Each structure stands twice: as C-alpha cells, then as structure tokens.
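Student: With the hints as a guide, bring both chains together as one complex.
Chain by chain, the residues:
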Amino acid sequence: MKLKALYLLVFTAIIIKFSACKEDRFYEGELVYKAYCAPCHMNDGTGLKGVYPTLGNTESLILKSNNIACLIRNGYKTDNQIGAAMPPQKKLSEVQISNIVNYVRTKFYKRKAIDIKQIRSQLKDCNQD
Amino acid sequence: MMSRSLFILFVFFLACEEPIKELPVLGKPVMVNGKEEKHKIPDFEFVNQSGVTINNHSLKDKVYLADFFFTHCPSICPRVTKQMLRLHDRYQDNPRIQLISYTLDPKRDTPQRLKEYADNLAVDHNKWWFLTGDKDALYDLSEDYFVVAYEDEDAPEGIEHSGKIIMVDTDRHVRAFAEGTDPESVDKLMKQIDFYLKTLD
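Residue numbers (my numbering), protein chains in the order written: chain A, 1 to 129; chain B, 1 to 201.
None of these hints come from the bench; they were simulated from the model. It should be emphasised that the depicted structure is a prediction, and the values quoted were computed from it without experimental measurement. Idealized CB from N, CA, C, for every residue including glycine. Treat the hints loosely; a few may be bogus.
DSSO-like cross-link-like pairs, simulated, lysine-lysine; straight-line CA separation at most 27 Å [claimed, not checked]:
hint, chain 1, residue 1, chain 2, residue 2
1, A, 49, B, 191
2, B, 188, A, 49
3, A, 34, A, 77
4, A, 124, A, 34
5, A, 49, B, 198
6, B, 115, B, 35
7, A, 77, B, 115
8, B, 107, A, 49
9, B, 38, B, 191
10, B, 62, B, 21
11, A, 77, B, 107
Residues of chain B clear of chain A, computed beta-carbon distances all greater than 10 Å [unchecked claim]:
hint, residue
12, 19
13, 26
14, 53
15, 79
16, 96
17, 117
18, 154
19, 201
These stretches of chain A come out as covered by chain B in the derived footprint (C-beta under 8 Å, 3 or more residues) [as the list claims (entries may be wrong)]:
hint, segment
20, 31-44
21, 78-84
Chain B with its partners taken away, still in its complex shape (with noise of 0.2 Å):
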C-alpha cells in the first residue's frame, strides 16, 4: 500500500515537472534563393547608455535576454523590468549572457537618461544593455522579437506594447519566451535559459 502511493506521488511529481527535452527556433522560415532559412535577429545597430554603439557583432557568441520598453512607461514596464532585474542578478557572473532593454521612446530615452535610469537601477552597464537609436528602426525590429508594439494616443504615455522577454540564441535565433509580467513565467524561462547554456558547454 505504501510502495503504490510513493508510486502515484513519483508519477504526480514527474507530470508537473516535465523535463525539458529541446528548444525549437521559433518564428516562421523565409525562402532565402530559394532555400528555406530559420527566423532570425536581422542586422541593427543603435547606441547603449554608455554612448557606445552596439549592433549584431556586439554579441558575437553571446545568449541575450531582451525586451521593449520605455523609462516614462507607469503601466507593464516595471514589473517586467523587475524581472530583467532578477536575470540580471542570476547571471551577473555569466559571460555568455547579456541582458538588452531596447526603448520604445528614444526622443526621451536619451543615452544620458537610460543611463540615469541604469544607475538607479544598480545594474552593471556592461551586462545589461539600454538601447536607444533612431524610432522606425527600433519598431520594425521589435516585430522580429515577436513583440507587439505601437504608438496609441490613448495608451499611458502614448505608446502600447507587449512585455515579452525573449532569449535569442548565439545563431541569433529566438528559442524561448516569457511573459515578462509574470514571475512564473520567468521561472520557466530560467530553467530554458539553463537548459540552452548547457548544450553550448
């Protein structure tokens, strides 16, 4: 009687924490010279909070964590950016990884204001990446992280937006996603995170 109840409960647990087994690229294939290519993080380039520019090259072999946002945002932006915190924080002494906040506001979001506002957040400017650059460039890539994003009077602050964190690949390839409001979520993301950096060991 007790072998069988340890039985059910070790089948229980083994339902609710499902391993995970692959990260598929997400996002649909394009035909390239007609031959199909996986989706991936087109060239960009825009300035950091240091004045430093920054584009694909500036990842070279590196797994980021990314997500749209803007300093004057009162509605989903802090709660995600306390979760980009806690990424900050557990792979602080990570190499490979590199956290990117791209802003949805660049008129106001100045290199000098991301930087304020990185100060005041105590994050380590060389880990974590506040964009800025020019406001078309800036919407037409959040597209390619799957983020929905768009100016809308009635939005607070006039601009509306999805709070995704998105883990790209060191190919440059979107492998997983969490709702950044949600700190489940961003667990299950840590546990993808982890998985991925193994592969690569």
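Same shape as in the complex, but just chain A (with noise of 0.2 Å):
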C-alpha cells in the first residue's frame, strides 16, 4: 500500500515537472516578444488599427512570408509607411528570434512552433543589410 502511494507521489511530480516545462516553453520568446515586439504590436497582438498589423489575423505577413526569421531580424518597410517602419533586431540570436517566431506562432496563430533548425536555415539565407 505505501509503496503504491509513494508510485503515486512520484507519478504526480513527474506531470507537474512536464507540464510546467511546457509553459516555460517560450517564456524567452514572450518576454522578448514584449520587449521588442509589443511596443507597436502590443501585449495582446492586437497592434494599432490601420497602422501596426494584428498578428493572429490569418492574412497577416508572418503566415505569408517563409522567412518570417528574416522579416524580425533586417525589419520591413513600405513605400506608403503610415507609422513608424518594423526597425531592423541585429542584435537578437537565433535563439531569441526562434523564440519570438514561436511565442507569436502558438500564442497569437495557434499555429505549432517551427524548429529552431529551420530558424537557421532562413536566417543563413537572409541578405544582410
């Protein structure tokens, strides 16, 4: 009986860990994401209408482009920029960049992340300014 209970203890601990690993997941990428991310797309991803997009909106760019990684770190910018143009991450890692790319994917999108392996490769094509 005490050895089942102490199974038990041991089986609850190990999903508490899980599932706490799996929030923790793109912490980095939210706390980078309201850094660098928020001021013009804001904390909820809803942005400024008419002049900083909503992400989660299906027609939005970051679905469009397949070098999403690229778009974070060299910025965007049109000819008929109404506010202030996506300013170019140099100094974000790979690593932060995934992050930001995921947080937004699975928080916003409900989409599922993407492998950092493939964060690379975009960001190995990307032409550098």
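Tutor: Structure, rendered in structure tokens:
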C-alpha cells in the first residue's frame, strides 16, 4: 500500500514537472516579444488599427512570409509607410528570434511551433543589409 | 456572523473605490503683477491635419485631452495612441470633449502626413486634431503640459519623450493626467473626466 502511494507521488511529481516545462517553453519568447515587438503590436497582439498590424490575423504577413526570421532580423518597410517602419533587430540571437517566432505562432495564430533548425536555415538565406 | 462579513466586504470595497471629491488645478502658481495666478496652458497656434489653424480660441468652452507624439515613433507612441483612441471612442458623441495630439517631429509630420495617419486610424478629424507647426513652440508648450520632450540621437528616431495624456479644463487649467502607456491609468482618467463633466452641468 505504501509502495503504491509512493508510486502515485512520484508519478504526480513527474506530471507537474513536465507540465511546468511545457508552460515555460516560449517564456523567453514572451519576454523578448514584449520588449521588442509589443511597443507597436501590443502585448495582446492587437496592434494599432490601420497603422500596426494585428497578429493572429490569418492574412497577416507572418503566415504569408516563408522567411519570418529574416523579417524580424532585417525589419520591414513599405513605400507608403504610415507609422514607424518595423525596425531591424540585429542584436537578437537565433534562439531569441526562434522564441519570438514560436511565441507569436502559438499564442496569436494557434499554430504549431517550428524547429530552430528551420529558423537557422531561414537566417542563413537572409540577405544581410 | 453573516452581517459582520458583509460589513467587512462593504468597507473593503469602499477602500478600493475612493470617490473623486475634487480635481485640483495642477502645476505651480505664478505671480503676475503681484497677484498669484494658477498654472494655465499659454496661447498657442498650430495647424491641424485638415490644414486649419488651431489656437486657444478654437478650444473655447472645450475640455480637452492632449498628448505629444510623432508618427515615426517606434517606442511608446503606439500604446499611447491606442489609449487616445479609447478616449476618442468613448467621448465621440460628447461635444464638450476635444482630443489633441501635438507632434514632436514637425519636419516629417506635415498636415498631409498627419491626415494620412488620422485617416488610417479612422478617427473623426473634427474630434481629434493632430497639430504641427514651429518646432521650438511645440517643445516649449510640452513643458506647460508637464511632458518631458527633447531631441536625443540615442533615442528611437532621435526623440525622447514621456507618454502622458493630460486633461485641460474649460479655463485652460491642467486638472488630471494619465500614463498613456497604462490602460488602468487611463481608466482612472476617464472617471476623473466624467467627474469634471458633471460639474459643468
């Protein structure tokens, strides 16, 4: 009986441990997103209507672009830019960019995370300014 | 026992929601001809997004909410503008309320660019004026609104500034302000605006 209780305790501890890991997965992504992206796209991803795009919109650039990591690293500017252009983020590491991409994908688009290898390959093909 | 719990709960809510009793005039009084005068927004004259000249006479009998921003600002402005948008939507049908956003980058923020910006935000051009004009006059005026603004090459897009939203009464006195980056602070400002509007009825 005692052994059964011990097994149960260990099993519960393992479950708690893994569920905590899952929640923490893109924790850095959230922090970096809030520091670098949220000033325009807002903490909740809603942006500023007509000026800064809402994240989570299926028509949004982030899903259309097959090189979102590059977009974050090099920034983005249109000819008829109405607000501030999306600034380049040269100081962010591959891991930080990967965490931002996956935080945005999972939080706002309810999409699956992508592998850091894919991000690395995108950044490798990225035209450096 | 039950009534005691309810009483404690009642006191707790009272403590949370302290009613607004008055809105004092903010700022240091100045001596004019030996007489003390309360701080007032001085005369100004700028142009809005429709190319119309706006001065203090344009604001006669108005309560207005002001902030300082610029359209290329990548730091705090979008958050502040989002809160100004909340105020615009809330007071859209109240003719007493006017919104003003002064640019700190008049060289790039021409009336035409400000019009495009306001068009994109889909706001009422008569309700919310985006003002531009002489750079020194704009920076000098920001001090009267207790807004810190200065040019700094290390700041994003070269301009450092605070994101306050300021409420000015019908006599040009500053009566309340909010941190424009903080929605809860703007919630509080809305209550203060509503309180002041009731005193005008």
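Student: Run every hint past the structure and note whether it holds.
Tutor: Taking the hints in turn, this is what the structure says about them:
no.	hint	result
1	49/A - 191/B	holds (25 Å)
2	188/B - 49/A	holds (24 Å)
3	34/A - 77/A	holds (21 Å)
4	124/A - 34/A	holds (25 Å)
5	49/A - 198/B	violated (32 Å)
6	115/B - 35/B	violated (43 Å)
7	77/A - 115/B	holds (20 Å)
8	107/B - 49/A	holds (25 Å)
9	38/B - 191/B	holds (23 Å)
10	62/B - 21/B	holds (22 Å)
11	77/A - 107/B	holds (20 Å)
12	19	holds (31 Å)
13	26	holds (28 Å)
14	53	holds (24 Å)
15	79	violated (7 Å)
16	96	holds (25 Å)
17	117	violated (6 Å)
18	154	holds (14 Å)
19	201	holds (33 Å)
20	31-44	holds (count 3)
21	78-84	holds (count 3)
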